[in-house]
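Undergrad: Got chain P; can you put chain B on it based on the hints?
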Amino acid sequence: MKQLLIIFLAACLGMSAMGQENLSKRVIPLPSVEVKTLDGSVFNTKDIKNDGKPVIICFFATWCKPCMAELKNISDEYEDWQEETGVKIYAVSIDDTRSSSRVAPLVKGQGWEYEFLLDENSDFKRAMNVGDIPHTFVLDGEGNIVWQHASYAPGVEQEYIEAVRQILSTK
Amino acid sequence: MLNKNILAVLFFVLVSSLWAQNRFLKNSVITGNFQLDGQYYIPDTTIGADTIDNKVRANAFLNVNYSNGGFSAGFRYEFYQYPLIDFEKINYKGHGIPHYYAGYNHDYFEVVAGSFYEQFGNGLIYRSYENRNLGFDNATNGIKVVGKPYKGIRLVGIWGTQRNLFVKEGEIRGGDIDISFTEMIDKIKNSGFRFGVGGSFVSKFEKDNDLDYNLPQNVAAWATRMNFGYKDFNINAEFAQKFNDPGSLNNMIYKNGHALFITASYAMKGLGVYVTGLRTDNMDFRAKRNVVLNNNMINYVPTITREHTYALPSMFPYASQPLGQIGIQAQVNYQIPKKTKIGGKYGTDIMINYSRMHGIQQQWVEEAVESGDMAGTDGYTSRFFAFGDLYYQDLNIEISRKFTKSWKLALSYVYLIYNQEVIEGHAGEPNVNSHTVIADLTYKINNKHALRLELQHMYAKEHNGSWAYAQLEYTVAPHWFVSVLDRWNYGNPNPAKRVHYYMVSGSFVYKTTKVTLNFGKQYEGILCVGGVCRAVPASYGAGLSVVTSF
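Residue numbers (this note's numbering), protein chains in the order written: chain P, 101 to 271; chain B, 792 to 1341.
Here chain P stands alone, though its shape is the one from the complex (with noise of 0.2 Å):
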């Protein structure tokens, strides 16, 4: 018990002095996945494009509460990021298919106007190395991941906008 504390604590404080969420300096190419549109054609997750604009992909299922919390709280704020930006979001939902023939009804009925993908065995989430969701990547203008988050917070999409205006200023 005290050694689990002991951990966890040790884990926090060595976190914590990270600060700060910057640009990753590693470059991790978007892998080769195929996935479904909602109309149920075969797409490859790296014709993941946005005409040289940053990308933010967002995993996300139906059952997943944080993550139908993201997706509502990021459309409230998306044409005003869009203007600002240029930036297309892509939400992939990994729904199998128990669920997945939802989530046309369900997201087009929220109105939300996010390109989405189907990933119905989990084969994208695997290859991008996502445990738990929901789990958001931001990517620069040539496909690659720069930047990271698990997890979801009403705010933290305010940190995926600020790392696609850093990759802009940086260009």
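These are computed hints drawn from the structure, not numbers from a lab.
Hints are not guaranteed to be accurate.
[What the hints assert, rightly or not] Coverage of chain B stretches by chain P, computed from C-beta distances (three or more under 8 Å per stretch; other residues unrestricted):
| # | region |
| --- | --- |
| 1 | 902-910 |
| 2 | 971-978 |
| 3 | 1054-1060 |
| 4 | 1138-1149 |
[To be verified] Subject to a maximum C-alpha distance of 20 Å in a straight line, what follows is the list of computed PhoX-like cross-link-like pairs (lysine-lysine):
| # | chain 1 | residue 1 | chain 2 | residue 2 |
| --- | --- | --- | --- | --- |
| 5 | B | K1136 | P | K172 |
| 6 | P | K172 | B | K1196 |
| 7 | B | K1239 | B | K1302 |
| 8 | B | K998 | P | K188 |
| 9 | B | K1239 | P | K165 |
| 10 | B | K1196 | B | K1132 |
| 11 | B | K1302 | P | K225 |
| 12 | B | K880 | B | K998 |
| 13 | P | K136 | B | K942 |
| 14 | B | K880 | B | K846 |
| 15 | P | K146 | B | K939 |
| 16 | B | K1302 | P | K125 |
Even glycine gets a Cβ: it sits at the ideal position worked out from N, Cα and C.
TA: Quick look at chain B alone, frame taken from chain P:
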């Protein structure tokens, strides 16, 4: 075996580190993730948490992937030698490198050697996948070849043995073809229509050593599917058949199995409608005949009920019954538009979802009636639309609205009927009728700080009676989470069991690393993800979880 694995890993690390220094091979990328879930157990007889000799347990794994252009390779080390008690109960115990692969990916083809996951169609005859939190992993170990000879055509062939817990057994081979006419023919693509078809075949081999029965050693299954869409409308259907496959789960009958899965949806901005139907009959398909629990599954029969996320309604989840079930699910999502009188400034979202599952009716064949036993016969016949006993019903309504920049409220009502006898195998227990109301309130204090309060109440006479639930969560973006919850079984017919299942937890997140510490009581229940469920025993104690990726 293990030594060989370790050597392979060391070699792999050595080679990759040498490569990393080579500027000609600067495309080398190593990524991975790690997870540890540890628990310190304290006995508590009132909730049924037994005394455990080995009080400190943990599950851990590490994935490492290497890629360089189209080439990739990787492995997963799993440490479940002293696993959490729920994993020990399903025998998910051991350590080593059960998962390793290498592959090459090209525009026209793809090959994988080693462990892989793959799914044909909806998975009705073949799906290999993992769910680490459930202790489920039926990866196929062998060869996978994918061909993409022409746009819109995708061919897959697989051959291998199956992972079951920490051993590899059984023999599975199969193939799948998927044709999208939309992709292939530009005329269709530009017309607003979408059309695609697919088909798959899988066969398993298991030696017949049975003295009483003449068992089929090779059992085949096939499936065919289609997808049709026009603008906002979409329909998907898949039919599957499995040939005679007597085993302990279907009472050694020689009857063929069937499954039909149909989904239709319509979605436009602000409105989504969805209907799905499923019928399965003798469709339990496993690599071995005489197995139990979730072991050796080759196929995946999805359930078509909603997967609840709030704690109280998710106490009674439906578990797919491949041996026989028929049912439907329907859902409507509607957004009362933004900036209207009723919709408010941000709009109001409404979701209504309904599902109902029944068993199928069975008429025993003459031979079975005569001998008083189905074993060794064709078992039964079953009329397609004849509904048997009620297994599950779920009606739920959810309304959510953002009032101001700071306040958000979601209200839900869930009415569940749950057949314990069939879903949990508790003979003689009555159906559970439960009514749950939920209020979920979020208050965003400022850009970084937010409070969330969740209140739930479930009314039920059966099972453990009524429950109340409250949770308060405080978050400071992006690093901190703190949560306190209490789940109170105040309506338990046995006053001694009116227990407070409280849980205090805190997390720290930095980029892709999350460290969580919690203390409290875990209610004995069923954990389901997708169509697979398992029992989670009651526990009391402190937990530590570390998740990270690199």
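Undergrad: Can you give the numbers of the hints that this structure goes against, from lowest to highest?
TA: 8 and 12
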